[in-house]
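As given, the protein sequences belong to chains A and B, one line each in that order. Per this note's numbering, numbering of the first sequence is gapless, rising by one per residue and ending at 1720. Per this note's numbering, numbering of the second sequence is gapless, rising by one per residue and ending at 497.
If you are wondering where the hints come from, they were derived from the structure by calculation, not from laboratory data. These numbers come from a predicted model, not from an experiment. Warning: the hint list may mix true and false statements.
Between beta-carbon pairs, the in silico distance windows are [said to hold, decoys possible]: (1) PRO1670(A) - GLY448(B): 36 to 46 Å; (2) ASP374(B) - THR1697(A): 28 to 38 Å; (3) SER1539(A) - GLY369(B): 24 to 34 Å; (4) ILE1535(A) - LEU460(B): 43 to 53 Å; (5) ASP374(B) - ASN1599(A): 28 to 38 Å; (6) GLY448(B) - ALA1564(A): 29 to 39 Å; (7) ASN1569(A) - SER378(B): 12 to 22 Å; (8) PRO1571(A) - VAL467(B): 27 to 37 Å; (9) ASP365(B) - PRO1670(A): 46 to 56 Å; (10) ALA441(B) - LYS1718(A): 32 to 42 Å.
We put the beta carbon where it would ideally sit given N, CA and C, even for glycine.
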Amino acid sequence: MKEQKLHDYLQERLYKPIRRKRFLRSIAVAGGSFMLGLTACRKEGQPGSGVIDVGSADIGILNFAYALEQIEAAFYTKANASYYHNAPLSEKQVLFDIMHHEVAHRDFLKAALGSNAIGDLQFDFSSVDFTTRDSVLKTSKALEDTGVSAYNGVGPLLQSADYLKIAAKIVSVEARHAAAIRDILNPRSADFAGDDVVDPATGLDFSRTPNSTTGGQSIVAIANSYLLTKISASKLP
Amino acid sequence: MKALKIFEEAYEQGVIEKNFSRREALARGLGLGLKTALAAVPFGLLDALGNKAQATPSNPDIVKILNYALTLEYLEDTFYKTGLATSGLIAAGDMKIFMQISKHETAHVALLKTTITALGGTPVAEPVFDFTAGGKFPDVFTSYQRFMGLSAAFEDLGVRAYKGQTVNLAGAKDVLAVALNIHSVEARHASEVRRLRGSKGWINFAEADGLPGFIYDGEENVIQLGIDVTTVTTVSIGAVTQAFDEPLSMPPVLQIAGPFII
């Protein structure tokens, strides 16, 4: 196999997963407000009033990650403030732990970015019913799977080896979360690393760059579906 | 252990693990001669050249790293195939979990072989494994608890091993993307098996949960990018250690995997 062919093969495998439709459907179901996402999409590339652009290059990527971590931290803070009906202790403990991890990621990225950090975002979780298990856990699953594919997608874009190390240290924790939530939703099944997120032919998770709309909504659009303060990543792929 | 010699030698020669500066990389390239230097540039040439912070690893260096990964994948693949083929070992209710993991490890072996061959390298042959580690775990395929324990150990070790190589693959973006997308799948596996064992899916401090402690050495780290994360967040030290998985370089990984490889 020539290198260019390998490149094409891997690109196909990494960025155009066969079962993407199922993956995106699960995000759409949990993510709710699709229209918000579309609105945000139109704004990409032309950051205007009220839209926060994450910036370019490594700082842009870190800010993009910081935005995702802000969303996750806010979501779990809300989910832990008052648990869904009849939440068993084992599920509360998982949500409690994950909240702390996401808060640690958020606070760390803010500190690392220093004066380059985007501001505090405002959230819109109106698509989530925090009183029902199904809504909370499916949103959690979507956020974690999105986080995994987002960190995997930006890893190769990072110029700094130190930042790449950080992305790798965080992404595996997001993957641990995703598996745990998937296990809670569908215990003792193959879902923790299901064929909808891990290509069964290659055993690879998915990579998604911030604005890639291959197969559906971009990660930026998914993020915006949970945000009042919209973000854009106009200088990132 | 013989199978591991190639990696140890590569490490000693400094072709692995060392993060070359651009100047060093250029000097190496010029030392090899222009033709060799150009031939050594992997796919993603323009990306890599435009990427000043990252040196471009040569194909032989990448192949060595991929053969190291392949060796670990062979270990996992054979471990699960043997476990699944041993009747009465895996609880009936957990079969789907281990079949899924096994499917992924088999796919990783095939993908790494394809990638190595495409880079002009030769995939290492599958070593012979001794999952009792020289008699230390004689019940590995008779005790489900032991089997799950070793599974968790291999998965957590795999996460650390891939994480440890990401920087060495930074100049070869396609290969890096593959490594990252295997890495997160190993983490999904690790979380699941840890939970099966009654542990949390994440690693608290350097707690080994009954597994050999040195697998988790360094996981208690709270300093990231020079920032003591505990000073910038309100969450507990334990949660901070859980929130960041730590890499492991090749020598300790091989030291841990060594006893299982004949």
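Given a hint of 28 to 38 Å, does the C-beta separation of ASP374(B) and ASN1599(A) actually sit inside it?
Distance hint for ASP374(B), ASN1599(A) is violated at roughly 54 Å.
Holds or violated: the 29 to 39 Å window for the beta-carbon distance between GLY448(B) and ALA1564(A)?
Once the Cβ atoms are compared, 37 Å apart, the range 29 to 39 Å for ALA1564(A) and GLY448(B) holds.
Quick one: are ALA441(B) and LYS1718(A) within 32 to 42 Å, going by C-beta?
holds, 39 Å
Can the suggested window of 43 to 53 Å be confirmed for the beta-carbon pair ILE1535(A) and LEU460(B)?
The hinted range 43 to 53 Å is violated for ILE1535(A) and LEU460(B), with Cβ atoms some 23 Å apart.
CB-CB spacing for GLY448(B) and PRO1670(A) relative to the 36 to 46 Å hint:
Once the Cβ atoms are compared, 30 Å apart, the range 36 to 46 Å for GLY448(B) and PRO1670(A) is violated.
Tell me if the beta carbons of PRO1571(A) and VAL467(B) are separated by a distance inside 27 to 37 Å.
holds, 33 Å
Between the beta carbons of SER1539(A) and GLY369(B), is the distance compatible with 24 to 34 Å?
violated, 54 Å
How does the Cβ-Cβ distance of ASP365(B) and PRO1670(A) compare with 46 to 56 Å: does it lie in that range?
violated, 33 Å
Whether the CB-CB distance between ASP374(B) and THR1697(A) falls inside 28 to 38 Å
About 47 Å separates the Cβ atoms of ASP374(B) and THR1697(A), which means 28 to 38 Å is violated.
May I ask you to test the hint 12 to 22 Å on the CB atoms belonging to ASN1569(A) and SER378(B)?
violated, 36 Å
The structure is inconsistent with the numbered hints 1, 2, 3, 4, 5, 7 and 9, although it conforms to all the rest.
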